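Take these sequences, add in the hints, and give me the full structure.
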Amino acid sequence: MRFSQLVAKLGAVAVDLGSDPDISGVSAIETARPQTMSYIEGDKFAAQIATTAASALVLPQDPSLQAQASERGLAWIADPEPRKVFAQIIALFYQPFRLPAGVHPTAVIDPSVQLGNDVAIGAHVVIAAGVTLGDQVCIHPNVVIYPDVHIGDRTVLHANCTIHERTQIGADCVIHSGAVIGAEGFGFVPTSEGWLKMQQSGYVVLADGVEVGCNSTIDRPALDTTRIGRNTKIDNLVHIAHGCRLGENCILAGQVGLAGAVEVGNRVIMAGQVGIVDHVKIGDGAIASAKAGVHSDVEPGAIVTGVPAIPHKLFVKATAIFNRLPEMYQSLRQIQKQLGIERK
Amino acid sequence: MRFSQLVAKLGAVAVDLGSDPDISGVSAIETARPQTMSYIEGDKFAAQIATTAASALVLPQDPSLQAQASERGLAWIADPEPRKVFAQIIALFYQPFRLPAGVHPTAVIDPSVQLGNDVAIGAHVVIAAGVTLGDQVCIHPNVVIYPDVHIGDRTVLHANCTIHERTQIGADCVIHSGAVIGAEGFGFVPTSEGWLKMQQSGYVVLADGVEVGCNSTIDRPALDTTRIGRNTKIDNLVHIAHGCRLGENCILAGQVGLAGAVEVGNRVIMAGQVGIVDHVKIGDGAIASAKAGVHSDVEPGAIVTGVPAIPHKLFVKATAIFNRLPEMYQSLRQIQKQLGIERK
Amino acid sequence: MRFSQLVAKLGAVAVDLGSDPDISGVSAIETARPQTMSYIEGDKFAAQIATTAASALVLPQDPSLQAQASERGLAWIADPEPRKVFAQIIALFYQPFRLPAGVHPTAVIDPSVQLGNDVAIGAHVVIAAGVTLGDQVCIHPNVVIYPDVHIGDRTVLHANCTIHERTQIGADCVIHSGAVIGAEGFGFVPTSEGWLKMQQSGYVVLADGVEVGCNSTIDRPALDTTRIGRNTKIDNLVHIAHGCRLGENCILAGQVGLAGAVEVGNRVIMAGQVGIVDHVKIGDGAIASAKAGVHSDVEPGAIVTGVPAIPHKLFVKATAIFNRLPEMYQSLRQIQKQLGIERK
Numbered sequence: 061m062r063f064s065q066l067v068a069k070l071g072a073v074a075v076d077l078g079s080d081p082d083i084s085g086v087s088a089i090e091t092a093r094p095q096t097m098s099y100i101e102g103d104k105f106a107a108q109i110a111t112t113a114a115s116a117l118v119l120p121q122d123p124s125l126q127a128q129a130s131e132r133g134l135a136w137i138a139d140p141e142p143r144k145v146f147a148q149i150i151a152l153f154y155q156p157f158r159l160p161a162g163v164h165p166t167a168v169i170d171p172s173v174q175l176g177n178d179v180a181i182g183a184h185v186v187i188a189a190g191v192t193l194g195d196q197v198c199i200h201p202n203v204v205i206y207p208d209v210h211i212g213d214r215t216v217l218h219a220n221c222t223i224h225e226r227t228q229i230g231a232d233c234v235i236h237s238g239a240v241i242g243a244e245g246f247g248f249v250p251t252s253e254g255w256l257k258m259q260q261s262g263y264v265v266l267a268d269g270v271e272v273g274c275n276s277t278i279d280r281p282a283l284d285t286t287r288i289g290r291n292t293k294i295d296n297l298v299h300i301a302h303g304c305r306l307g308e309n310c311i312l313a314g315q316v317g318l319a320g321a322v323e324v325g326n327r328v329i330m331a332g333q334v335g336i337v338d339h340v341k342i343g344d345g346a347i348a349s350a351k352a353g354v355h356s357d358v359e360p361g362a363i364v365t366g367v368p369a370i371p372h373k374l375f376v377k378a379t380a381i382f383n384r385l386p387e388m389y390q391s392l393r394q395i396q397k398q399l400g401i402e403r404k
Numbered sequence: 061m062r063f064s065q066l067v068a069k070l071g072a073v074a075v076d077l078g079s080d081p082d083i084s085g086v087s088a089i090e091t092a093r094p095q096t097m098s099y100i101e102g103d104k105f106a107a108q109i110a111t112t113a114a115s116a117l118v119l120p121q122d123p124s125l126q127a128q129a130s131e132r133g134l135a136w137i138a139d140p141e142p143r144k145v146f147a148q149i150i151a152l153f154y155q156p157f158r159l160p161a162g163v164h165p166t167a168v169i170d171p172s173v174q175l176g177n178d179v180a181i182g183a184h185v186v187i188a189a190g191v192t193l194g195d196q197v198c199i200h201p202n203v204v205i206y207p208d209v210h211i212g213d214r215t216v217l218h219a220n221c222t223i224h225e226r227t228q229i230g231a232d233c234v235i236h237s238g239a240v241i242g243a244e245g246f247g248f249v250p251t252s253e254g255w256l257k258m259q260q261s262g263y264v265v266l267a268d269g270v271e272v273g274c275n276s277t278i279d280r281p282a283l284d285t286t287r288i289g290r291n292t293k294i295d296n297l298v299h300i301a302h303g304c305r306l307g308e309n310c311i312l313a314g315q316v317g318l319a320g321a322v323e324v325g326n327r328v329i330m331a332g333q334v335g336i337v338d339h340v341k342i343g344d345g346a347i348a349s350a351k352a353g354v355h356s357d358v359e360p361g362a363i364v365t366g367v368p369a370i371p372h373k374l375f376v377k378a379t380a381i382f383n384r385l386p387e388m389y390q391s392l393r394q395i396q397k398q399l400g401i402e403r404k
Numbered sequence: 061m062r063f064s065q066l067v068a069k070l071g072a073v074a075v076d077l078g079s080d081p082d083i084s085g086v087s088a089i090e091t092a093r094p095q096t097m098s099y100i101e102g103d104k105f106a107a108q109i110a111t112t113a114a115s116a117l118v119l120p121q122d123p124s125l126q127a128q129a130s131e132r133g134l135a136w137i138a139d140p141e142p143r144k145v146f147a148q149i150i151a152l153f154y155q156p157f158r159l160p161a162g163v164h165p166t167a168v169i170d171p172s173v174q175l176g177n178d179v180a181i182g183a184h185v186v187i188a189a190g191v192t193l194g195d196q197v198c199i200h201p202n203v204v205i206y207p208d209v210h211i212g213d214r215t216v217l218h219a220n221c222t223i224h225e226r227t228q229i230g231a232d233c234v235i236h237s238g239a240v241i242g243a244e245g246f247g248f249v250p251t252s253e254g255w256l257k258m259q260q261s262g263y264v265v266l267a268d269g270v271e272v273g274c275n276s277t278i279d280r281p282a283l284d285t286t287r288i289g290r291n292t293k294i295d296n297l298v299h300i301a302h303g304c305r306l307g308e309n310c311i312l313a314g315q316v317g318l319a320g321a322v323e324v325g326n327r328v329i330m331a332g333q334v335g336i337v338d339h340v341k342i343g344d345g346a347i348a349s350a351k352a353g354v355h356s357d358v359e360p361g362a363i364v365t366g367v368p369a370i371p372h373k374l375f376v377k378a379t380a381i382f383n384r385l386p387e388m389y390q391s392l393r394q395i396q397k398q399l400g401i402e403r404k
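Chains as they are written, first to last, in the working numbering: chain A, 61 to 404; chain B, 61 to 404; chain C, 61 to 404.
Keep in mind the hints are simulated off the structure, nothing from the lab.
Just so you know, not all the hints are guaranteed correct.
As the list makes no split between identical chains, a pair holds if one copy fits it or if it spans any two.
[To be verified] Here are the simulated SDA-like pairs of lysine to any residue, each with C-alpha atoms no more than 20 Å apart in a straight line: (1) K341 with L125; (2) K144 with W255; (3) K377 with E387; (4) K257 with A231; (5) K257 with Q396.
Please read all numbers here as calculations on a predicted model, not as lab measurements.
Here's what the structure looks like:
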């Protein structure tokens with residue numbers, strides 16, 4: 061499509077149509093091809109404006125970058141949120157693969173299952189009794205759904221994922237390949253004869269707009285529910301144990317692990333490989349840095365780092381000095397010697 | 061069932077039948093419904109006795125809590141191990157979904173496979189040559205079993221898990237969805253031409269009563285076996301490398317990782333995200349705290365924490381002072397100044 | 061086969077044929093059986109020479125060990141790289157299970173798929189439109205391949221793994237059970253209305269000889285590619301985020317996690333549970349120790365440890381003193397008291 065047509069679909073703040081090039085796709089700035097649109101967020105890639113083969117750019121609101129692009133005859137669109145605009149442009153050119161509506165003849169679907177309109181069910185999918193699927197649900201091949209699950213409108217289940225009994229999944233969710241939702245929580249009671257299983261009679265609830273990454277696992281509890289709030293996004297290989305409650309719009313990066321009954325507010329961010337001890341409460345808007353081990357409650361808005369996690373600023377200071385411990389130790393010994401203090 | 065009938069099935073220490081209510085299920089104390097039974101373990105939830113809608117409670121051996129419950133006319137049962145009793149009560153009302161006995165027509169089973177009595181095999185299961193299944197084995201849909209595997213009586217394999225060649229699984233085991241047992245260990249020999257694969261000719265042995273969590277992986281070794289002892293319970297996303305030997309009644313929480321040839325005694329507990337370096341030995345009853353990185357052998361009964369892991373008490377003390385490092389550093393500089401010591 | 065025949069297949073430096081025993085397999089030194097060949101790498105297992113039931117041994121170039129073996133009448137072969145030789149010997153006796161060539165009738169394969177010669181496709185495999193498979197590709201049961209994937213000659217896909225759209229896999233690769241290659245990267249743009257998905261229009265490229273462990277995940281990026289270089293070996297439960305570029309002959313141990321756009325050179329080694337922050341560059345031949353959290357670029361050949369990762373030698377020194385922090389703190393207080401310095 062012409063750049064001017066593309067621009068008309070967006071609400072950009074500033075535009076230079078240049079020669080109004082034909083745009084056929086998107087590309088990375090370093091490896092861009094002609095007739096594609098690329099993206100420069102900040103100063104880091106500014107030098108690329110002089111050399112990129114892209115025909116059009118998304119720019120930040122920076123008159124100097126815009127002037128450079130115009131000088132080279134490049135078309136551009138500028139916005140205070142260039143990344144958001146570029147995401148919208150990618151979506152104009154690219155949508156992930158979806159199955160066409162219809163039920164593949166090799167799928168094994170219990171007669172009691174209720175299907176919405178325009179449902180797509182792939183090969184070798186297995187759906188047990190009492191399941192209900194909303195409209196336009198898309199289930200890729202080899203997915204297994206246990207009994208009495210509900211899946212909301214437009215939700216996508218990718219290949220080889222497993223949804224366990226009684227799980228309630230909202231609308232517009234994406235469950236990525238290999239994820240397991242609603243399996244029984246890890247509940248064992250120590251007794252004199254060894255570990256006694258506590259049956260997990262609860263279930264998992266995912267609100268609308270939740271995404272669960274590849275091979276991530278969300279377990280159901282002994283009683284009541286494990287809940288993930290609206291629009292919370294969970295990356296790959298994350299483990300969420302039984303009875304956790306997560307709020308809305310949280311981000312959990314890869315390999316995060318939450319022990320049982322953790323309570324997480326809204327807009328919380330957990331970076332990669334964070335671990336949260338059971339029953340800990342994390343306030344709204346808090347951030348746990350990569351690899352943090354959170355052993356106690358975190359205040360709303362706090363940023364915590366380290367194992368056990370402490371305020372981020374304190375961690376940075378203490379860590380800087382950790383690296384000087386050998387030197388400090390020597391200094392201390394020297395002082396003790398000078399003062400005639402006996403070493404233990 | 062009547063509360064009095066329920067009590068008759070258990071060996072409780074103290075009971076107040078109240079009005080002998082009809083109990084139809086279990087519920088969490090905060091969200092309990094009438095005609096359900098709920099559970100109060102300790103002081104933390106004691107205040108709920110005054111308000112809960114549950115008709116009956118499991119209580120600890122605490123006369124004060126018992127008196128409060130009796131005053132409200134609630135039925136209760138008390139025990140020194142209330143959690144164990146509550147687990148038994150849940151199991152009276154709830155059992156996880158099992159497939160009915162029989163072989164689904166879409167399962168692909170090699171003619172050489174030996175099936176026990178009352179085996180349940182779900183849709184799209186694939187079982188290769190030389191496999192033997194004990195009585196009442198339950199295999200959920202889309203499981204794949206490679207050749208020459210043995211699976212003991214009453215063991216359950218959940219959907220989408222994979223059992224590799226020659227794996228020996230005992231009786232009463234549960235392998236959760238997506239777990240992979242017996243895949244080849246990560247064995248590569250550095251050579252001048254790059255990494256040379258060392259074929260993994262051994263196999264994995266799980267003793268009776270072992271559980272393996274969702275998407276966990278237990279690899280087979282180059283020679284001999286990887287062994288998991290009786291009643292050891294493994295949570296989700298755990299990695300156990302080739303040649304490890306685990307004892308009985310161990311607990312491995314989510315995302316634990318064991319490198320090659322780790323030896324673990326009986327009743328060892330590893331909290332979430334623990335990592336154990338190859339060839340390390342962990343003594344009976346030892347505990348590794350969450351996120352510990354264990355680089356050297358651990359004595360029986362020891363509790364270790366940190367990376368590298370040290371005795372837990374020392375870790376707690378050292379960590380408390382870690383947080384005061386900036387202050388210590390300033391103090392040291394002040395002393396040096398006062399003593400006229402030159403800073404390096 | 062006779063030991064002399066076996067030796068003829070290898071390029072060993074020194075040999076004692078002993079009684080030229082018949083060798084029917086390999087075994088671990090501690091649990092060896094007669095007529096098997098076993099392996100002693102270093103001093104640690106030297107005592108086993110006196111007692112092992114093995115009929116033949118691989119030894120290092122150590123005249124003393126060789127003399128001991130000859131005295132017991134054991135056949136042996138010695139080499140400066142005994143582990144490499146033993147790997148070659150295992151491969152003479154053992155090869156992992158492979159499916160026979162042919163397409164199982166339950167596989168669902170789009171008519172547009174191009175199959176090479178002697179391809180083996182197992183039961184319930186699903187292959188979408190536009191996929192091409194090289195010669196002797198082996199696809200185990202219940203694998204799902206999305207559209208437009210290419211898989212090179214002799215590559216093996218194990219059961220229940222999932223290959224997403226447009227992924228390009230080279231020759232002689234192994235994708236282990238449950239791995240997910242090419243799923244969409246975790247790309248969300250913060251906006252005032254919440255998280256906006258950035259569609260991931262790129263794809264994943266695995267060069268020849270790459271191995272990906274069980275339940276590991278490698279995501280595709282918004283633009284361009286995620287790339288894994290030739291002969292790089294990746295263990296179980298590893299997460300590689302969108303846009304990472306890995307060089308050749310790297311080793312990533314279990315549960316390693318790479319955030320987005322990490323650049324890794326050749327021959328880099330990451331031990332278990334290492335995490336790398338987004339956009340970090342790791343130089344050729346660098347090593348990240350177990351559980352390291354790498355927040356900034358690493359020089360070629362460097363060894364880094366800790367969170368945040370620092371040079372390994374410094375980490376070892378500082379950690380040793382970390383354990384003495386309680387004692388240092390007391391010393392400091394004593395000095396302050398002696399000097400009459402007020403405590404804050």
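A quick look at each hint next to the structure:
In this homomeric assembly, K341 and L125 never come within 20 Å of each other (Cα to Cα): the closest approach is 45 Å inside a single copy and 27 Å across copies. When the C-alpha separation of K144 and W255 is checked against a cutoff of 20 Å, the pair qualifies only between copies, where the shortest distance is 10 Å, while the shortest distance within a copy is 51 Å. Both within a single protomer and between protomers do K377 and E387 lie at most 20 Å apart by alpha-carbon distance, with minima of 16 Å and 10 Å respectively. In this homomeric assembly, K257 and A231 come within 20 Å of each other (Cα to Cα) only across copies, at 16 Å, whereas the closest approach inside a single copy is 33 Å.
For the identical chains of this complex, K257 and Q396 are neighbours neither inside a copy (57 Å) nor across copies (56 Å), given an alpha-carbon limit of 20 Å.
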